[in-house]
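Undergrad: Based on the hints, put chain S in the right spot on chain W.
If you read the protein sequences in the order shown, they are chains W and S. Residues in the first sequence are numbered consecutively from 0, following numbering that gives the first Met the number 0. Residues in the second sequence are numbered consecutively from 0, following numbering that gives the first Met the number 0.
Since copy identity is lost for identical chains, a pair holds within one copy or between any two.
Distance condition first, Cα-Cα at most 30 Å in a straight line; then the derived DSSO-like pairs of lysine-lysine: (1) Lys-211 / Lys-277; (2) Lys-7 / Lys-332; (3) Lys-7 / Lys-119; (4) Lys-3 / Lys-332; (5) Lys-402 / Lys-119; (6) Lys-400 / Lys-277; (7) Lys-119 / Lys-277; (8) Lys-56 / Lys-7; (9) Lys-332 / Lys-119.
If you are wondering where the hints come from, they were derived from the structure by calculation, not from laboratory data.
There are 2 protein chains.
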Amino acid sequence: MANKISTKPPSGMRDFLAGEVARRRFVVAKITEAYETFGFVPIETPTIENLSTLLGKYGEEGDQLLYRILHRRDALTRAVEGAASEGRPATALELSDLGLRYDLTVPLARVVAQYGDLPKFFKRYQVQPVWRADRPGRGRFREFYQCDVDVTGTTSLVADAEVCGAVAAALDALGFDDYEIRLNHRALLRAMVRAAGIGDEHETTALVAVDKLDKIGRDGVVSELSGRGVDSDSAERLLALAVADPSCSNEQRLDALAGGGLDEEGRSACDSLRELLKMADPTPAGRRLRVSPELARGLSYYTGPIFEVAVPDLHGSLGGGGRYDGLVGMFGKRSVPAVGFSLGLERILVVMEERGMYPEISAGPEVMLCWLDVEPSQALEVATQLRTHGVRVEVYPESTKLKKQLAYAASDGVGAAFAIILGRDEWERQQPTLRDLTTGAQRSDNIERLVGLIRQGGFST
Amino acid sequence: MANKISTKPPSGMRDFLAGEVARRRFVVAKITEAYETFGFVPIETPTIENLSTLLGKYGEEGDQLLYRILHRRDALTRAVEGAASEGRPATALELSDLGLRYDLTVPLARVVAQYGDLPKFFKRYQVQPVWRADRPGRGRFREFYQCDVDVTGTTSLVADAEVCGAVAAALDALGFDDYEIRLNHRALLRAMVRAAGIGDEHETTALVAVDKLDKIGRDGVVSELSGRGVDSDSAERLLALAVADPSCSNEQRLDALAGGGLDEEGRSACDSLRELLKMADPTPAGRRLRVSPELARGLSYYTGPIFEVAVPDLHGSLGGGGRYDGLVGMFGKRSVPAVGFSLGLERILVVMEERGMYPEISAGPEVMLCWLDVEPSQALEVATQLRTHGVRVEVYPESTKLKKQLAYAASDGVGAAFAIILGRDEWERQQPTLRDLTTGAQRSDNIERLVGLIRQGGFST
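With the rest of the complex left out, here is chain W (with noise of 0.2 Å):
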C-alpha cells in the first residue's frame, strides 16, 4: 500500500451521502416545481466558461474568488517561459484563460446573447453549482447550489413580480411560514447618497456602509464612512433616510422616503416600487415583501429593483436577486432588459435542518433479500422478479448465516424495512418467505402476493 493520502474533499468541498443527497433532492423537487406553475423553464450551462465572460462581472472582490483552470501543455510552457525568458514570474492572466462559473446570472446573459432564437421573453430556471473561492464557515462552502429564475426580454414590472412570486411560492412549498422578502431599488439608493449631499465619488463607499448596518450598527456605518472621507452630517442624514421605523408600512416608508428630499429620480423609484408592490399582491411574493431602505446587494450589475430573502433565525440571506439591465448588452451585441431571483440551496438546508422542517424521506432497500442452501443465481432470479415489479431489492452478496444476513438488512447504514428468505423449501415451493425486520412478522407466499403485502407497508402476524 501507498503512504496515506488524505481521503477527506478538499477545504469548502463536501461528499453527500445517501441521507443528504435524498434531503437535497427533496428540496430542489419543491423549488423547481413552483417554478415551473410561474411557466419557467429549465437551461443548464457548463461548469467551465470563458475568462473573458466571468471577468469584470462581480467587481474585483469577486474576480479575486475566480476558480481558474491551469492551461495545459503547450499553453502552459509558453506562458511560463515567456515570462521567464523576460524575467519575471507569469501572472494570472496568462497562466489561465478558463474559470469556474461563480454565478447562474452570467452564464444566463451570455446564453441569452448567443442564441437569436429565444423566445422573446425568456424565463428560465436553473439549479446547478457555482464555485468561490471564499474562506469557508458555517453554511458557506466552495461549491455550492444556486436556484435561479430570470425573465428576459422586458422592462414590464410584471416580470420583478413573477420572480419573487415564484421564490415565495417555492419558499411557502418548503414549509417557511416567517421569511422577509426585503426590496429596495438602486436608483432610490442613489437619490438618497445624493440627498444626504454624498458626492458621486463616495457613492459605494456609502451603499456598502449601509448594506452591513445590521452587522455593524448605526454607529459603525458612521465611523466606517468618516474614515473613507464621508462627514458625519451626510452619513447621519444618509442614515436618517436608510433607516426605517418598524411600526411603518411600505406605503409609509415609501412616502417617508419621497417627502426626504429625494430628486426626480428617486421620486420615480419610488413610484416604481409602489406600482411592483401592488402587482404582487395578489402572488405569493405580495404579504412577504417588505420596502428596506438599507438594503444594497454586493453585486455592481443591478439596476433597478433589488430583492433579498430574510428568515429570523439566520445571519445573512436565503437568496436575493435584482434587475440588471445592462449585462446582456456587455457581452456587445444587443441589450436587453432583465430581472431574476436566486435562492442558495445551502442556506435553505440548513435552517431547515436546525428547524427539523423535513418529512421522512426513504433512500436505500426495502428489501433485503437473503438466501441460504440456493444457488447465487436463484437469489437472483427471486431479486429480478421483485424489481419487474418496481421493488427496490438488494441481495446480500456473500453465502453466510442467515442470522447475519439478517442483521446487515437491519442495519443502520442499510435499513431495509423488509427480508425475503430465500430457502430451499421455499424456492421448490417458489414462496418465499417476507420477514418484517421491525416486528418480526413471516409470510410465505407467491412473489405477487408479497408485492402487495411490501406496498401496503407489512402485515399483522
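TA: The following block gives chain S in isolation, referenced to the frame of chain W:
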C-alpha cells in the same frame, strides 16, 4: 457597449436549452429508477478534488487530461516567484494542487476509504459530470455525465452480476433492444499474453493493441505489435486466442480459451466468467452478456472481470466497467474490493436521438395568460389561482394587443397549449376565457372548471 466578447461556451462544453434538459432528465430518471430497484443508493462528490487523489490512477495519458485549478493569491505568488528566483519556469505541479473530477470511480474509492460507517457492502450510484481535456469530437465532450453503479466490500461475483443487471435494466427501460455487454477478465487477458509467448514487459503494449482490433484490424494489430518488439508469431498466437468465432456460444468461447494453452491463472479466470454468466443469467443482463476475449478496457485499475456495452450503430461504447480490488487500498488505509459499471449519458443520448427513441416530453408553460383592459395585478391574481391548482402558467408581461399576445403564446419557443384571456368582462364575471391554441376553440368559465378542461387536454366546441 463593450467590444464583442465570444458568447459561445468554451470548446468541448455545451449549453443545454429547455428541450435538451428535458430529454437529459428523462434519460437520467429512467437510469436512476433502474439503479434504485437494484438497491443502489445515491451519493454526490465535489467537482474539485485534491490532485493527490486524482494523479496516478488513470495512467499517464489520464494525468495529462486532468483540468487543474490554478493557485490563487499568495500560493500563486510563491509558486511563480520561487521558480523565477531559480531562473526557471514554474511547473504544473507547483502551480496547482486541485483538479476537476475525471471519473466517478476514484472519488468513490476516496469516499469508501474516508467514511468508516458506510454499510459493509456499499452499493452506491452516482450521476454527475466529469471533465477531461480531450480533443472534442462527435459525441465526445470535455464535460460529460457518467451514470455509475458500484458495489464495494465483497469479492463475491454476485456483485459483478448485480452491476451488469442494473445497467441492463436501465438500458431496457430506455428501450434499447440490440445491445451487447462484452465480458472479459483481466487475469484471462494476462494469461493469453503469456500463452502467446509474449514477455511481461510487453503485456500492456499487447493488451492496448488487441483492444484496438475493431478499429485497426488484424493486420494493424500485428504491425503495431511488431513495431513495439513483439515478434509476429507471438502476435498471431495472441490474435488466435483473442478473436472469437462469431458463431460460438459463450460456453464454447470459454472452452476454446481454456483449451488454448492457458495456465492455471487463466483457466481459473475462465471459471470465474462461467460462474458470473450463470449468476447473471436470470437478471436483465443474462441474454446480453457476450464473452469477448479481445476486450481490454483502457483504465489501469481493473483487476478482474471487465465489461463494455456495445450497440451496432455506435463506434465506441455506451459504457463500461469492471472489478478493481486494488483502488481503495491505494489511499493507504485499508484494502476494499470493488466492482462497478458506468453508463455514458452523452453516448446514450446520441443514439436515442438518431434512432428517434424519445417520447414527447413537454417542459414549458401549459397556459399563457393574456390580458387587456385590466390591471396587471388582476392578471397576476388569476395566474395565482391557476398555479394553486398546479397549472404551469406564464403571464404575458407587457400591455399590448390581444392578437400579439396570442401569437406569442402559440409561437415555437413558447409552445403553450392554451391561452387564458382576461378582459374587463371576464374579470368582472370572474370567468376567464380558455382558448385552445391548436383548434381555436374557446370557453368562458370559472377557474375550477377551466382547470378541469386543461387537465383533460382541451374541449370540443
